[in-house]
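Visitor: Given chain A, work out where chain B should sit, using these hints.
Here are the chains, one letter per residue:
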Amino acid sequence: MKDSTLQVTHVTKRFGTGETEVVAVCDVSLSVAAGEVVLIMGPSGSGKSTLLSMLGALLKPTEGEIRLREEVLSTLSESRLPTVRLHQFGFIFQDFNLLSALTVLENVALVAELAGAKRGEAREKARAQLTALGLGQRLDFLPEKLSGGEKQRVAIARALINEPALILADEPTANLDSKIGHEIMRLLRHIAKEQNRSVIIVSHDARIKDIADRVLWLEDGRFKDMVAMATDPVCGMAVEKEMAVVAEWNGRTFYFCSRGCRDEFFEDPHTFTDGDDV
Amino acid sequence: MVRLAYRNLFQSKVRLAISVGGVALALMLILALDAIMTGSEERLTAYIDNSGADVWVAQSGVRNLHMVASWIPASVTNEVKDVPGVESATPIMYLTAPVDTKAEQSLAYVIGLPEDAAMGKPWRVVEGRAVPKPGEAVIDRSVAERSGIKLGDKVKILGQILEVTGVAEGTSTLTNSVAFISMKDFERVRGGGKVVSFVLVKVGPGQPPEAVAKRIEGEVGGVTAQRAQAFAEQERRLVNDMAGDLLAIMNLAGFLTGLAVVALTVYTATLARRSEYGVLKALGASNGRLYGVVLVQALYSVVLGFAVGLAFTLALSAAMPALDANLPMQVGVASLLKVGGVSLVIACLAAVLPVRQIAGLDPATVFRG
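First to last, the protein sequences are chains A and B. The first sequence runs 1 to 278 under the working numbering. The second sequence runs 1 to 369 under the working numbering.
Okay, chain A solo, but in the shape it has when bound (with noise of 0.2 Å):
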């Protein structure tokens, strides 16, 4: 693809060797656009959080290459891996990771002094990033104060801060509540479309399929085709409808990620089907 972000080529990755070895990541292939928003699904152990660190150049592949841009990332050396990840890429964490010592412009602005700005003029572009995410009011705020769905906000201005070509998400809806995860990926969507970024997401959350222009589901280290999928209405994992744990009640069907789930569901049906479509 000649517009592509990123380019990935038969990347492999195995981890141990001899009867130990486990292939996280198997021969996968996979071309991102500028602007294009692909999320990545998959059942647990599927390889996601493998593939998402080497896609961030957090983990290097056993085999393939990974391109970003014009630059090999799977060739290049470790110390220089800090610096690419630092200017091309943006990270947007299921726990927020946000360091709880510094404020909300200290945790933005931290980072672009990371990437060689000078404090003033890195508080400068926190402020103006955070402000432009609805931050403005929260700036001096640590950020236990803050709700889920701010911390999220605040670490997708300091995943935008140095103006990265590629944002990787992991499961950035699952501690937020459905409306306000929903929020969060159509701020996503906006921002891919309108700052023409890459966004890959990686996530269990099935709800967040719409946002997303392409939706990939890995399974056993490999890209699938898209199975008919179900959420689990207790712990809210994607959970392929063929491989799951199936019940009925008050005349609907119910998809579980396990019996453990179901069980749970059965204590107490209302807690979990209010308001809610299956």
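If a hint is listed, it holds; no wrong ones were tucked in.
Pair by pair, the computed Cβ-Cβ distance ranges are:
#1 A:S100 - B:C348: 25 to 33 Å
#2 A:G45 - B:T268: 29 to 37 Å
#3 A:E65 - B:S275: 28 to 36 Å
#4 B:G341 - A:S100: 33 to 41 Å
#5 A:R80 - B:R274: 19 to 27 Å
#6 B:L252 - A:T62: 46 to 54 Å
#7 B:A272 - A:R186: 31 to 39 Å
#8 A:E194 - B:L336: 58 to 66 Å
#9 B:A334 - A:R80: 46 to 54 Å
#10 B:A272 - A:R207: 30 to 38 Å
Derived from the structure by calculation, the hints contain no laboratory data. Every residue, glycine too, gets a C-beta built ideally from N, C-alpha and C.
Guide: Then chain B, alone, in the frame of chain A:
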């Protein structure tokens, strides 16, 4: 990153207080010991420094006062007076002996003074007279106060009951004081021929003491003559050598305590923020920058601890006279530089373990919950 180190450290105020307090106490141990040694050194040579002599003449080979016996013929005094460059000479007698006040026995340098002594007298007399007559004694104020001795009371020195007719100040050290009696009483106790312990020499105007001392050694047989400063320096060196091992052990104890406290604090602070360091690594912070954060945290702890420890030591030094403690303390520049250096070493060593922890941190863990 300096701000991050500062915030990380100050966010947990209890941990910071424990750390700073621990370092302060450890460094205070070193500072206070040094201050006591410096103060004691000054007191130790106080008699030599305040004797008024430019040159000390002693028995051949005797180069200090502490734990020595020096006996030279009394005729040496007149021989010394005849040496060119000598303005005046005062003989004194000297022994280390206890001052018995009934309430206590305290060790003293007992000095026998001639009635017309121009040098070697107590230099700050707070009560009574400076030069004792036969049957009289001048003792140190701290000894007098501890024993409740007043002018007119009796003390026993060198086996003689003497009346206290003078109380002097600044004549006590950590281990002993200086007591003055008349030369006649001293001679009676000692018996034997006419001898003195030292001859104190005042040189003439414009005469270099060093040259006069050499001249005395050349012209008077069987004596060692030294400048007063050199004599005092020998005294200091001897006592330092005697206390050196103890001082080294206490300094090491202070150093290790400080190191343990700072290392533990910085280590636990790093451990508590392990995941945050992982996030910073993932975002692109280099190991070097993260090591810097840890080192700055250690430096903050140590600098604060040093400041608090120094404040405590200065307060203690100031409080000593009010407490009537016979423990002179003096914080010297050399001691500050030494403890400052020790603090820096503590900070650097304390950062080693946390730095190793950060070095081994895998940034990819941020995507593994």
